[in-house]
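Q: Below are the chains, spelled out letter by letter.
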Amino acid sequence: MEWETVIGLEIHAQLSTVSKIFSGAATAYGAAPNTQACVVDLAMPGVLPVMNKGAVERAVKFGLAIGARVNPESVFARKNYFYPDLPKGYQISQFELPIVEKGEIVIQVGDKEKVVGITRAHLEEDAGKSLHEDFHGKTGVDLNRASTPLLEIVSEPDMRGSDEAVAYAKTIHSLVQYLEICDGNMQEGSFRCDANVSVRHKGTEKYGTRCEIKNLNSFRFLERAIEYEVVRQIDILESGGSITQETRLYDSDKDETRAMRSKEEAFDYRYFPDPDLLPMKLSAEMIAEIQKTLPELPDAKRARYVQQFGLSRYDAGVLTATKAMAFYFEAVMQIVGASNAKTAANWVMGDLAAVLKRDSLEITQSPVTSEQLAGLVLRIADNTISNKIGKDVFEAMWAGEGDTDAIIEKKGLKQITDTGAIEAIVDEVLAANPKSIEEFRAGKDRALNALVGQVMKGSKGKANPQQVTDLLKKKLAG
Amino acid sequence: MINNSLKQLSAALAAKKISSRELTQSYLDRIAQLNPTLNAFITLDAEKTLGQADAADRLIAAGKTGPLTGIPIAQKDIFCAKGWRTTCGSKMLANFTAPYDAQVIEHFDAAGAVNLGKTNMDEFAMGSSNETSHFGPVKNPWDVQAVPGGSSGGSAAAVAARLCAAATGTDTGGSIRQPAALTGITGIKPTYGVVSRFGMIAFASSLDQGGPMAKSAEDCALLLNTMAGFDTRDSTSLDRPLEDYTRSLAQPLAGLKIGLPKEYFAEGLASDVALAVQAAIAEYKKLGAQIVDISLPNTQLSIPVYYVLAPAEASSNLSRYDGVRYGYRAPEYHDLSDMYKKTRAQGFGAEVKRRILIGTYVLSAGYYDAYYLKAQKLRRLIAQDFTEAFKKCDVIMGPTSPTTAFNLGEKSDDPVSMYLSDIYTIAVNLAGLPGMSIPVGFGANGRPVGLQIVGNYFAEAKMLNVAHQYQLATDWHARMPSGI
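Going down the list, the sequences are from chains A and B. Under the working numbering, think of the first position of the first sequence as 1, with each following residue one higher. Under the working numbering, think of the first position of the second sequence as 1, with each following residue one higher.
To be clear, the hints were calculated from the coordinates, so they are not data collected in a lab. Keep in mind that a hint or two might mislead.
As the list claims (entries may be wrong) - Pairs of lysine-lysine residues, derived as DSS-like cross-links and limited to a Cα-Cα distance of at most 25 Å, are as follows: (1) B:342 with A:138; (2) A:410 with A:435; (3) A:79 with B:374; (4) A:79 with B:342.
What the hints assert, rightly or not - Derived DEER-like restraints, expressed as beta-carbon distance ranges: (5) B:366 with A:138: 31 to 39 Å; (6) A:242 with B:366: 18 to 26 Å; (7) A:35 with B:66: 35 to 43 Å; (8) B:97 with A:132: 28 to 36 Å.
From the three backbone atoms N, C-alpha and C, an ideal C-beta is built for every residue, glycine too.
Turn these sequences into a full structure, and let the hints steer you where they fit.
A: Laid out in structure tokens, this is it:
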């Protein structure tokens, strides 16, 4: 009897507005505690919430990007519970009528594609932070984060494994950054995942009892938490027990999930429409205006790269993973042209990505600009240098030694394409390696590679490898 | 001077017959004399008050005066005033100093008015007798054995006893109109959304409205001019062009159609109140009005609907009083849960706790549909009654309260009986309509009787006109309690 894992994700994306969702206080990260909480955030007597237009626009943008219905009328509701980091004793959220409903997104899992449904996305305010460890025996409450705008994105329980869950989370993470509605900074808590995990026997319709694992703030933790939880649940069920529906936390030190100390006493939030906020009405014009501001989305970009540049779906996927990389790549392509797409792609995905990682830099901080990289690609394309020499040029550019042409000139790296010059070296090598000639003629193709290697060595790597190979073959053929 | 209208006071100040400081000091002296008996004020601060009076005198000297410049106004202790203790009648906020001004306070400051002090009120505006205040009950100046009504009992008593030139109140189910009726003064609750709720401590968000309480409709109109206005900080505030609420005062009433709901003259109405109200109606006929019989069939539903919706909203609005950030916190507790429980058990009075419990119940899973949702649907029907009625008449009239002021302690053991005294006023809040009360005589025990005037949405100027014309022809509003 095979087990099937069923996963739904709830993602809280902090929207990149300058001020809070219901007040004018700042949302900037890292301020001293309780310096960015105004009277409204502190729930002083007599204060009232006022909607932040930027938060609404960002939510609409997201809805349009996932092909969802943007509700022309949506309602804010109070979710009532007591906790010190929730100043009003209720969170303003959306319950029955959210701003966005019924969208979907395509995820890439390995080399397969899958459509994941998105049930809804709604606006709500974040709570403050409770610091349990910093104050001997007490808890400190920092309300800077209170009332920061969140977009809660709820998926259908369509995922069937941690790989799919991670792929989905990464896709949404990439999308919200593409849309510039969220900075995606998981360490700062701008993007948080809750995973709802259950198991059932394969083939059954009914869902098993699920547990919610909260506040996973890295893809690695998301993956590990799900893996652990699935095993935990299967163990319980196989030994005849049943799953208690509960909220759990992932402990990254012990690599396990455990039941959360119950934060809210009651599970009944007594939702009701917030009488301080009118039902929010969005005009068709407003939605159309926002539609116009949508950038080319990752999916469309991917398809275009395949179509226009002849790249594989995989390569297109890597290049469009972040908006910054896509931007860089497209800038290179502008200069080098479609015929050089594969070369350009390899350089961006390969060498450039590797040194960025090595030096812990974002692509926007790359010392090699897209113009410079384009220059390199062109010099490889026109045979001025080989790809191998190109790597040396690249390292020199990275170190700030100038553009491609300047480096080639300075270091004398120009490829030798003069047939006569190559032939001279070929003749030398053939004369010095009679054994390899014999082996080749005896059918060992590897011997040719050895000879090519010798010629390349003799030319200090500068001979055009293709010409060398062709010339050797010609000469060996007799 | 204590019986002067706002216009007269303003003229006297402009003519330098009296300074604002002198005028203010005279009220402060009168308060010192009478407040120990009446308990109309919770907080006084002579230094701050006289400081404002001096500032007003400087404006007057510079010729920069408006209708309220230098005029001492009592503020219901539900309005946050920066630097002032603001208690909302509760132990929870007994030591709370507001860090900001309500819009209403800002407007009065901008008008050069003087904040005379914070008036007593039922705790968190929940009550109809001003007996639930943590700071002790307010006495009715007409009879100190009697309640002044609530929740704006302190403001009502202050106006009736001439302890201020005028006052502010708030009205969620009748809390301006009913105390106005019981103390023989004039008060108006405007259309929902006309006066900003920013800084007005919330009881029931969809019902609360601030409004003036004064000796006459004309004075109320001048106050409303200052109190009203769009506020971006209140999402339920209405963005409409500013009105001059005094503009229609002088219009004659010939042809005015007055609707009398049969439900307002049925069982439960005390006969002495009925008599005074009928006499007032007769006076209106003399002024040229026509009487139209109308029906508001869902009147009886308004009490249960209100006592589901208002507590529901209150139960959520009052969650912030948890001892964490400001206000009362229990002195001893052993963990968070204990702190919450003790703070709220100790900090809130019985009526507030009762309403929080009711509100929590009607919102809870399994009961929401039957109570809260049902009440919201019925609310719509109640509003529709008025829409229908206003097709047949210009204003609706009736008694404000079924009885004159009852005695202190008479109803405080029977909450439902207390709730029933709001029967004529509550539907007006549920519909969001403007309503006012004017004094029209006295009952059997010499206690005042009030007439309620209900207008259609945004008909305040018309209603004030209707009240003012009556006040030109009669003098009930000019009467003052004897012995004070």
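Q: Output the indices of the hints that this structure fails to meet, ascending.
A: The structure conflicts with hint 2 only, although it agrees with all the remaining ones.
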